[in-house]
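A.B. asks: Residue numbering for the sequence shown follows our numbering, starting at 11 and increasing by one per position.
Honestly, the hints are just simulated from the structure, not real lab data.
Model, not experiment: these values are computed from the prediction.
The beta-carbon is built from N, C-alpha and C at its ideal position, and this holds for glycine as well.
Among these hints, one or two may not hold up.
[Claimed, not checked] Each computed BS3-like pair below joins lysine-lysine, with the alpha-carbon atoms no more than 27 Å apart:
#, residue 1, residue 2
1, LYS12, LYS185
2, LYS185, LYS103
3, LYS37, LYS89
4, LYS74, LYS152
5, LYS216, LYS152
6, LYS103, LYS89
7, LYS195, LYS211
8, LYS191, LYS173
9, LYS223, LYS173
10, LYS20, LYS185
11, LYS74, LYS206
12, LYS20, LYS104
13, LYS225, LYS204
14, LYS230, LYS206
15, LYS216, LYS74
16, LYS211, LYS74
17, LYS108, LYS185
18, LYS152, LYS39
19, LYS152, LYS173
20, LYS74, LYS195
[Said to hold, decoys possible] Ranges between beta-carbon positions, derived for each pair:
#, residue 1, residue 2, range
21, LYS20, GLN131, 19 to 27 Å
22, GLN131, LYS223, 36 to 44 Å
23, THR219, PRO109, 30 to 38 Å
24, GLY226, ASP144, 31 to 39 Å
25, LYS89, ARG186, 15 to 23 Å
26, LYS230, ILE101, 40 to 48 Å
27, ASN175, ILE34, 34 to 42 Å
28, ARG186, LYS37, 20 to 28 Å
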Amino acid sequence: MKTVALMGQKTPFFLNFERIFLGIGIKPKFLNENNFQSKLSAKKSVDIIITIDTNYNTSSQVNKWIWNRLRLNEERIGKELAGLPVLVLGIDKKFIEKPEGKVFRDFKWCHQYLTKPLNLQKFLEALSILSPIDPGSLSVIKEDAPESMLGVLEHDLKAISQKFNYNGSDENVRKRFHEVKIDLKNYETLEKDKKKARRIKEEIEKLKTEIIKRKGNIWK
């Protein structure tokens, strides 16, 4: 029986998906932000298929999970896990045409992208195609990492102080702010355009100033 790692929130779609997996002899495992690396490393199996459910900003999610957490993270998790096959489920029908979709076009045997509503036959065909990346080929695929990882987040991070949720306790606001900084850090390490990274840093500093203006200095 294969083990499938489902990355993301346990949405109703994911819970229904779990039953589909079990019905075709595949045991699913849920991974999220907090347990991703520990759970993945604990299951040293090349049969794991990483599956992402993206309802929005597919490019950002692919960069975050596939590039940062898998393909470009081999020093921490090893080549075997970094080369796991990937199946992404989304609603962006033009994703394959974007720079972030290049590996899904060029390396279909280890990257598959399907749009919802899900066609079960296409899903089963995708599973039959997928296989792990040969360790010797991982470096070749890594060369397809988007040139500007931070670029796909610009519309989310630009003027973020206008969209930030200031409601809730100081602890909640501090946590949300921390998550924004983590998102920046994930992409900044791969961003070659330092001016662009600096501009986003400035936006985050503006956010911190706005939080202090609205709620007082919650970092005291």
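A.B. asks: Look at each hint and say if it fits the structure.
C.D. replies: Status of each hint after checking the structure:
1. LYS12 / LYS185: 36 Å, violated
2. LYS185 / LYS103: With a Cα-Cα distance of about 33 Å, the restraint between LYS185 and LYS103 is violated, given a limit of 27 Å.
3. LYS37 / LYS89: Since the Cα atoms of LYS37 and LYS89 sit roughly 23 Å apart, the hinted pair holds (cutoff 27 Å).
4. LYS74 / LYS152: 14 Å, holds
5. LYS216 / LYS152: Roughly 34 Å between the alpha carbons, so the hint for LYS216 and LYS152 is violated.
6. LYS103 / LYS89: Violated, at roughly 31 Å.
7. LYS195 / LYS211: Answer holds: LYS195 to LYS211 is near 10 Å, not above 27 Å.
8. LYS191 / LYS173: 15 Å, holds
9. LYS223 / LYS173: Roughly 15 Å separates the two Cα atoms, so the pair holds.
10. LYS20 / LYS185: Holds - the C-alpha atoms of LYS185 and LYS20 are around 21 Å apart, at most 27 Å.
11. LYS74 / LYS206: Satisfied, since the Cα-Cα distance of roughly 18 Å is no more than 27 Å.
12. LYS20 / LYS104: 25 Å, holds
13. LYS225 / LYS204: 31 Å, violated
14. LYS230 / LYS206: Violated - the C-alpha atoms of LYS206 and LYS230 are around 30 Å apart, more than 27 Å.
15. LYS216 / LYS74: The given pair, whose Cα atoms are some 24 Å apart, holds under the 27 Å limit.
16. LYS211 / LYS74: Roughly 18 Å between the alpha carbons, so the hint for LYS211 and LYS74 holds.
17. LYS108 / LYS185: 32 Å, violated
18. LYS152 / LYS39: 26 Å, holds
19. LYS152 / LYS173: Not satisfied, since the Cα-Cα distance of roughly 33 Å exceeds 27 Å.
20. LYS74 / LYS195: At roughly 11 Å apart (the allowed maximum being 27 Å), LYS195 and LYS74 satisfy the hint.
21. LYS20 / GLN131: 19 to 27 Å: Hint holds: Cβ distance 26 Å, inside 19 to 27 Å.
22. GLN131 / LYS223: 36 to 44 Å: 55 Å, violated
23. THR219 / PRO109: 30 to 38 Å: 34 Å Cβ-Cβ, so the 30 to 38 Å window holds.
24. GLY226 / ASP144: 31 to 39 Å: Roughly 56 Å apart at Cβ, these two residues miss the hinted range, so it is violated.
25. LYS89 / ARG186: 15 to 23 Å: 35 Å, violated
26. LYS230 / ILE101: 40 to 48 Å: 43 Å, holds
27. ASN175 / ILE34: 34 to 42 Å: 40 Å, holds
28. ARG186 / LYS37: 20 to 28 Å: Roughly 34 Å apart at Cβ, these two residues miss the hinted range, so it is violated.
Consistency with the previously given hints fails for numbers 1, 2, 5, 6, 13, 14, 17, 19, 22, 24, 25 and 28, ordered from lowest to highest.
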